[in-house]
Each structure stands twice: as structure tokens, then as C-alpha cells.
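Participant: Throw the hints in and build the complete structure from the sequences for me.
Each residue of the sequence shown is one higher than the last, beginning at 1 in this note's numbering.
To be clear, the hints were calculated from the coordinates, so they are not data collected in a lab.
Lysine to aspartate or glutamate pairs mimicking DMTMM-like chemistry, simulated, CA-CA at most 20 Å apart: (1) K941 with D1000; (2) K941 with D952; (3) K941 with D1007; (4) K194 with D722; (5) K941 with D959; (6) K194 with D375; (7) K194 with E378; (8) K194 with E723; (9) K194 with D184; (10) K194 with D314.
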Amino acid sequence: MLCRLDEQANLAYHIRGAVHIEGTLDADAFHTALRHLAHRHEVLRMSLREVADHVSQVVAPDPEVPLTRITTPDWESVIEAENQRAFDLTTGPLWHVTLVRVAPEHHVLVMSLHHVIADGWSLDLLLREIAVHYGSVLQSPTTEPAPPPPAAFQYAEIAHWQRETAHTELDFWRTYLAGASAPDLPTDRPRPPKQTYHGAAVPLALPHEALTTAARAAGTTAFTVLATALSVVLAKLTGQYDVTIGTPAAGRDNPSTADVVGYVVDTLPLRLRMNPGHTLAETLREARDAVNAIRGHQRIPLEELIRALRPQRDRSRSPLFQVLLAVNGTPPQYHFPGLRMHPAPMPIGTTPYDLVVQAEERDGRITGHLVFNTDLFETSTAQLIVDRLTETVSALAERSGVVLGELSVVSGGEWGRWRELSVSRVPASSSPVSVCGLVEAQVDRVPGAVAVRAVDGVLTFGELEVRANRLAWGLRGLGVGPGDLVGVCLPRTADLVVALLGVLKSGAGFVPVDPGYPAERVAFMLEDSGVSVVLRSLDDVPGFAGGAFSSSRPPVLGGGDDVAYVIYTSGSTGRPKGVVIEHRQVVAMLGWAGRVFSAGELSGTLAGTSVSFDLSVFEIFAPLSVGGSVVLSPGSVLDLLVNPSFYEGVTLVNTVPSVVRELLAADAFPSGARTVNLAGEALSPGLVRDLYAHPVVEVVNNLYGPSEDTTYSTHAVTCVGDERTPIGVPVDGTSAYVLDGGLRPVPLGAVGELYLSGAGVTRGYLGRAALTAERFLPDPFASGGGRMYRTGDLVRWRSDGQLDYLGRADGQVKVRGHRIELGEVEEVLRRHGRVGEVVVVAGDGAAGTTRLIAYIVAADTDTDAKTDADADADAESTLDVAVLGAHARRWLPDFMVPSVFMTLDEFPLLPNGKIDRSALPAPDSEAARAVFRDPQSEAEKLIAGIWQELLDVPRVGADDDFFTLGGHSILASRVTSRLATRTGMDVPLNLLFEYPVLADLATQLPDPATWPAQAAIPRVRRVLGRAGSS
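Facilitator: Here it is in C-alpha cells:
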């Protein structure tokens, strides 16, 4: 392995030391002493050769003394330069000495050795021997004294013995490390794909009395106390209480190795399996036992252990462990005859691990350094780790009865910073008006301004007011008022906005239902919400079409605590759940929007999100609340691909990253959109870069928030060059707490679960008191009480005071911006009579998207039990991919239908009987498809060519299902656009949903003889590059 290291890695595996020498030094005698040293130890004459993947040692017969003499007072610069010296392992020598003459009576000796021939013990041994040989040369009566005899044992012999005995230790280590994993440390910057070795250090000073007190109480050593403290800090930073770190192995316990120069003291894993329910005293005793357990099994080189265990390799990090602890005794003293010596500080510029704790005992104090990889961590983060380590050492001595899980390692100075970051500096809007009151204020201010622009026409604020007022009076005539809910299931015309505003003016709340959702899902949402009225058209209110109702503004009924709307999100039980949002929460969100976004930015806000998705609330009511216009797309945002002229007035795009990525790829981004709001999915730095490269875009905002906290909770203005796009800081009136499982703040930079509190926290789930109580908890940090919502999202505070989103703590995923409970998808698939067991996981899709993969074990064909009365389920004797997809689409919206279905004979299991999700096979698109049949007709070949390119699949058959191959609504829009261009036919988006099988879709296309002869299949023109490209 060491032979293949690049120069940076080469430098990381060096042993270095420097000493000041005061007095008159005989430089020639010193040179002779070095030659004697090389004669005595073979490794100092060694180089490496690699033949047929086998590395051999080559020992030169005559010693070469790699000595450089320099005269300069700037000895620090010489040491710095020596730190950058790399060794050529194939030519040698693999050590070097620099002698700096600072003044006639002052020299600095700098020694460097490659780790392949030396360890820390070897450096001390060599410096001691140089002093001995130097004294012998001075006392010799001849000018060329004979070299001393070779050492009794050479490193090659010790290495051979280690290899021969290694196999006897392997059984222990296989058992010891079974199931172990290194702690996944949160880093300030994304981990590079290939491990780097740039390092720096911060000083470390540990409380000596606390170390000795804790060690004495547990009957152990200071090393064990420090190893325990370090593991506790790592556990608190990662949430993993099974921690593996590296420690120096006892390779010098045999007397024969005492005078051997070589890589004898290796590093080996130390695993501490801590129980958060145990006290610190118990944890320390368990650590003592763990240290003692490996003490008799350390005669195995680390590389032999890695070779035998074959851990999963990752080029971005060292295997088995990434954190090293090294505790040394009192530094040795070197005595050159007639000279005074003392250590010189060595700068630290490299590290082979993420973190290295180097400590030594000197003059009753334990000091050292925390060395950190500068490509991963900021200096401030490293200093915080040192502070926490110090706090934890003290806790082990002074608070040994504290339960580990309840221990906080947040240092004293962190508490104020934690509070400062968690609570928004700007309070929420205190406006007492309702949502419709905000819009009415704009009606009074700019009645002639355009409020809504839709495909069926334009409404001014005055016209919107008149129609919404008439609808409100009509609803009140039906007995609708505060406390009631009205279902709104209208197509995306101007009447949709009229309906939403009119319902609010009536005093009721609306339940937005996308008419494109499956009928079963729509029926459930309407029944579960208990709506009083369902509007599928404004004419559903008797008398509305005839103008029977007053156009005057209805008096306000209700207040800020009344329901504004109920939005349905995915539920783990297999049914969606309704989130109840009140007026005051929406008003707070709109107040923040009005402060952050200028009137110009909101003057043409694109509303392209499904009305059943809470981003639509911002898209419609944020512009209306400040006098701006809603540009309502007839379908999704991807309507821009086929009707770009309609969107020329768009100034702000508010959508999910996957949609914007498609718009950029198709060169269909709105020509006037200066501001882009992205939410619902992780935002890649590559997409940020591409957006800012667009000639119009000026600001790209990354927004985060669940429906349970009223759409948006945090906000970040992105910038090019940020290696990980943050989700930002809390919006007005919001508090964002990063907590552990015990609802305690985690250390800054540590991974924790995000809890949201403040003005946006909603009432809870409609008709689900138990679930509301489970997810909405009392806020222990708010002085006036209140509630906080448990998001289930894992985040961390960055060193710049912004939040990073790191994923989910539960079974939820985000697909095209929609939050999905995988359990709901699984439950729907279980209703199919031929499905026995099912697991749905999220995987990587095309162009950085997320797709769902369903793994299914068929039901026993002999059983009569059914989980659903579906006719299609009973009719099928075998599991068919197309049938499963059709079954799922009956109950689930497009974004929740798995892209891939894979059938298995059985699921892989863990020892505890649970399904081993990590062992599920990678999706095989060919295995997940029916029997392949080539496209035959010209129409089939046209569709196949388009699908093949857009879906990035090697082949497409006549019986293939678009969605089974990985298609979704975003790609469907591009498919229909291309078909329309090629055939000259208006191809509506829903045609692909009605006929997802290629052969069936081909029958809906016109005769090829009527296609425009000059047209060719247009290729998407890539202007800015896809996200993440370089």
C-alpha cells in the first residue's frame, strides 16, 4: 500500500523530530556517527521493489548518509521545508538528516524517516544512538574509527515473525470487529472522493488531576480514560455509541525488539461499545475491559488485518478507523557529550487520519495536539472538539454517576452560541389580519393591477375581489362558515385562485385537491377531512353562474386561530394525513415573504406547483399579499417547455430542483426570472452554479420546511463555490433546535434531529390526536411555553452559522419535492393479492434525482387470504411489473409510484430477523421487465428512441412501461413535447399517463404519413450543463 501513495500521502506517513544542540559541535564526527548508524541498522539502507504485485525489501551493502548541512539563522524555515520532503520508496534512502548551523554554538538537528522503516520509538532510539556514536567517534584515537557491529535483531526478522504469527490472532479480530463501523464524523466540508492528507493542529491541555482520579477509581490507566473520553465525544457528535478508533499496538513488549529500528509499533482498532443507559463510571470500566481484551492480541500488522478482514474500502478515508489516539510517556532525554539539547517544535502539515489526538505526559501535565484534516474541518471546529474532550475528562472524574445518554458535552461557551443560532433574530409579523385580509389590503391599494394571469384569462385585483366575494356569499348561503372545510378540486384556471380566496372569505378553510390525483386518493382526502362542500367548478355553488350573490366584501368571521387550509401529506399507515394550518401561521409566513422578497421579485410569481403541495400556498398568496401577480401554469412548471411565451412576465420561480434542472437542460427557463426559490429536495452546488451562470438569474434561494411548520422554516441565499448547499437560518419568528434523542442540544457541528418552534408551528393532524401528540411536543426552550414539531430530519450547524440538511432519521424520503412515507407505498402494494412481503427503498435516479425501488416477495399461491378486494389482484396468477405499476397508480400520485419493481424469492435477513436493506440487490432494469419485444411500427420506433435517450436506458421494447423504466411526470412532459414536434399532433401530458405502455401509446399517434416531413426528433440543447457536472 505505501508504495502506491501519492506525494501528499507520502508526506503524511513520515516520522519527524528536531532538537536544539547548544555548544561546540564537531560536524565531521556527527557525519561519521550517522554512517555508523546506517551500518548498524539495515532499514536505513533499505528501499522497496514491486514485482508482480509483490513488494520486497532491498538492502544496499554500503551505507549512504543522507545528510544536508545548512547555515542560516532561520531554522524554522528549514524545518518547514523538511516537512515537504518526500521519499522515493523505490530508490531510498528512506530517511534524511538536516543539520542547521544557526550560530557557532547553536545547531538544530532535523530528522525525517518514512513510516515504512520506522515508528515513534525508532526516532527516539536513533537520536539516542547518534549521541552514543558521536561520543565514541570523539573518543576514538583514529580519524576513521571502525563502525559498530550490526544490531542483534534487524527489522526484517521482526516483520517476518509478525507475519508468521498474524494468523493466530485473526479469529479474535474477526469476532471483535464483527458489525463494527467507524463513527461517521460530521465535517465542515464535503469529504473529497479521494482521501487527502492536509493537516493542521490545535493545542491540547488536559486536566491531569481529573485523568489520574478517574483512572484510579476505575483501576485503569490515563490512556483508557482518554480513550473513553474521546469515544464519548465522538458518540455525541455522531449519535453512534459503537465507536472504533485507532490506537498504538504493543509491538515492543518483547525484549528482542527494544533496539530494533523499524515499523514495529503498529496501530490497531479499539472498539468501545457504549450503552447510553450506563453511568460514566460503568462506561469507563467497560472501556478498561475492552482495552484489556485486545492487549493479548496485538501481534498483527494493521495491513495484515485489513487484508484478512477485507472491510468495504472507500477511497475517501482510511479503512477500519479514521480517528487515532496516541498517548506517549515522558519524552526521552538525549545526551551528546559536552552539549546541551532540548526539543524543537515541529510544525504539523499532514495527517493520515481525519483526527489524531497526540498527548504526552510532561512535568505533571498532559499536553499535546489535536491534529485535524484541513480539507474536512475548520480550526474552530477542532478547537471545539478539544474543549469537549476536556469537559468529558473532567466529567469522568467529577460526575461519574451521570448516565452517559444524559451527559452533555457542550462546552460552556457553546450555550450562548447555540441559542443565538437557534432563534430567529427577526420576530414574526404581528399583523392581526387574516390571509384574505392581506389580499383585501392590496385590492384597496391597487384594484386595477393584474392579480392572476392564467391560460383562460387575466383577473385584476378588483375582479378577483368581486368573484371571490360572490363565492363567499354563496358558500355562506349554504351554511359554510368558520370551523367548516371546503374541498377545492378545480383545474388550473383563474377560477382556482378565486375558489381558494372565496373559501377563506366565507370563514371556512379549504382542502386543496389536485384533480389529477388517483380517484381513490381524492375520495379518501375528501372523506377524511369531512368537507361540507366540494368545489369542482364555481358553478357547483347554486346561483353563482347567474350572479345571484352580492359582490360586496363579506364581514370578517373568525380570527387568526381559525383554519385556513388542510394540506395532505404522505402517511406511514398507507393513508395520507391532513395537516391543519391556521390563518395566523400563514400570515406569519407571508409576513416573512414580504420582508425578504421585494415587490419587484413577487410581481410575476410562477405558480406551477400542484395545489395539493404546500409550496402552492406561497406561490399564490405571497404575490397577492403584496400586490404582485400570480402566473398560473395550466399544468406543471414544465409547461414552459411547450408554451414559453406565456411566461415572459415571470420574475420569480418557486419550485423543486429537479424541475429547474430540466428547464435549464431544455433552455426553457423564464427569460425574466431574476429570483429562483428552490425547496423540497437537496440542492446540489452544481445546480446553483448553473443557475447563476444563466444570464438573467440574480438570486438563488434554498428553502426548507415541512407542512407542519407552514411551508418554509429556514432560508439560505446560496452562493457559487459552497461545497455543500446549506438550508440556512430560521425564518422570522421561528426557532430551529438541533437535539439528541433526549431532547438535549447536541454540540455545535454535531448531527441531531431538527425540531421547529415558533409562529409557523401548525395545529397538528386532522382527527389524529395521538399522532399530533407524538410529533408536536412542549418546547422546553421557549420562555413563554409553546410547542415544537419533530421533523425527523437530521441536520447540523455549520461553522458559518447555517444549517446543513443530512437526510432523514426515519422512513421518509423526498421525491421531486414531495415528502413520502415509504410505509405508505409499501402498504398500498401489500393490498395487491399477489404481494406477500414488500420493501420500498429510495435510490439514485437519473440526473441526480431520487427514485423509488420496490422489492417484492410473492404471496403464497395456496392461501385464500387477501388484503384487498382488487379485481386486478385476484385476476393475476403471477406478479407482473406492469400490473403492479397500474395497481400502485390507482392509489398513489405519480411521484409515489416506484420506478422499479424487483421480485425476490426471499428477503435477506439480519441475525435479529429483520430485513437487511443494505443487502438488497441493486436494481436490474432488464430483470425488472417483461419479456422483451422489439418495437415494430414507425410510431413505436419513434417513441422508443425518445424514451431511450431521456430515460438513459440501453434498449426499449414495445411492451415496456414508461414509468417502470424510471419515467416520471417531469420526463413525461419532455416526451410529449418531442412527440408533438415530430408528429405535428397536440400530445397532452395525460396521454402518457393513460397509455404508459409503449405499444399502447403508439396507437394514439397519427399516421406517420401525416407527420411533418421536415421535422426531426429535436435533441435537448444543453446550455449550462447538468447539476453536479464539472
